[in-house]
Amino acid sequence: MRNFLLRASAALVVALTLSGAIAAPAPLAPKPGWAIKPTAYAFAQLSDRLDKAIEDAKMNLVNSASASQGAKAQGIVIPGNRVVGVFRNDFARRMLAASIPAGIEAPVRFYIVETSGGHATLAYRTPSDVFAPYFIEGGAPLRDLARELDTIFAAIASQATAP
517 MRNFLLRASA ALVVALTLSG AIAAPAPLAP KPGWAIKPTA YAFAQLSDRL DKAIEDAKMN
577 LVNSASASQG AKAQGIVIPG NRVVGVFRND FARRMLAASI PAGIEAPVRF YIVETSGGHA
637 TLAYRTPSDV FAPYFIEGGA PLRDLARELD TIFAAIASQA TAP
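First residue of the sequence shown: 517, per my numbering; consecutive thereafter.
Keep in mind the hints are simulated off the structure, nothing from the lab. Predicted model only: the values in this text are computed from it and were never measured. Note that beta-carbon positions come from the ideal geometry of N, C-alpha and C, so glycine has one too. Some clues are possibly wrong.
[What the hints assert, rightly or not] Label pairs and their computed distance ranges (CB to CB):
| id | residue 1 | residue 2 | range |
| --- | --- | --- | --- |
| 1 | LYS574 | GLU653 | 27 to 33 Å |
| 2 | PRO657 | ALA558 | 39 to 45 Å |
| 3 | ALA545 | GLY634 | 34 to 40 Å |
[What the hints assert, rightly or not] List time: in silico DSS-like cross-link candidates among lysine-lysine, alpha-carbon distance up to 30 Å:
| id | residue 1 | residue 2 |
| --- | --- | --- |
| 4 | LYS553 | LYS574 |
| 5 | LYS547 | LYS568 |
| 6 | LYS568 | LYS553 |
| 7 | LYS574 | LYS547 |
| 8 | LYS568 | LYS588 |
| 9 | LYS588 | LYS553 |
Use the sequences and the hints to build the structure in full.
Right under this line is the structure:
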């Protein structure tokens, strides 16, 4: 009987999820240290615009992961979702010279989320927020690097989300 109830409960959760009866997560909301930019662009369009802005800023798209693409490969449709890691080797060398532990934070990431109505939002934690836990150890060189990256990331986000 217990196994039957467990299987029935699991089946109900799957059925509710696939039918959309479970409430969708809340959209990205302001958080300290985050930049959040809702747009009128569709998910794929914003994704392409971000890639172009990264290239134009002479930064490297180090990695990209998409939960929605992974789900699609399994026949499941979820709202668009992509994480894009961005960095450059000269910044990596400077960061590591200031703080080896800070290396865990590179690449710094952008996050694209499809919202209701077919639009997409671009979000990221500012590099100053990402590297803040290492400022005592990394001192002025790491703070300066983070501020420099803040400017670059803001420019990338502005270009990607501009009307």
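message: Could you work out which of the previously given hints the structure breaks and list their numbers from low to high?
response: Hint 3 contradicted; others consistent.
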